[in-house]
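Undergrad: Sequence:
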Amino acid sequence: MPYAESSHVAAQIDRDLSPSDLARTEALVIAASRLLDQHATIDTGDADMVALARIVVVDMVAEVIAPGEYRGHQSYSWRNGSLAGSGTLVASAGSLRLLDWHLAMFGAPSALSPSWYFGDGPTS
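Residue numbers (our numbering): 1156 to 1279.
Hints are computed from structural coordinates only; laboratory data are not their basis. What you were told as hints is all true, and nothing was included just to trick you.
With beta-carbon atoms standing in for the labels, derived distance ranges: (1) 1223 x 1198: 31 to 37 Å; (2) 1261 x 1185: 15 to 21 Å; (3) 1192 x 1237: 47 to 53 Å; (4) 1193 x 1233: 34 to 40 Å; (5) 1264 x 1162: 30 to 36 Å; (6) 1185 x 1239: 35 to 41 Å; (7) 1157 x 1263: 18 to 24 Å; (8) 1177 x 1229: 24 to 30 Å.
The beta carbon of each residue, even a glycine, is placed where N, CA and C say it ideally should be.
Build out the structure end to end from the sequences listed, making use of the hints.
TA: Next comes the structure, spelled out in structure tokens:
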């Protein structure tokens, strides 16, 4: 179940999205929703939990879509006469990232923390 729509993501980005951006956003919303479902249990009957899932999915997808023309770049710079600017993109690869704070809202363990058991299983 997709937890957001492309319009939710578009509202979080400070530029108009092209038709190709909107199509990509729709596909990424589905992928981000599935990724979230793999790491956290979302009770779709709980409106608050679905709202939190929307926040997470929108955050994940907006980070991918926002770079626009700089998609796939790690950094950029420009110069116009005596004016110059540069920046480093957070999601340099343009890939979906499920962060620890996303999972913490659902009480799920960190996506990055390894867990293992020696013997028959965990002990309390």
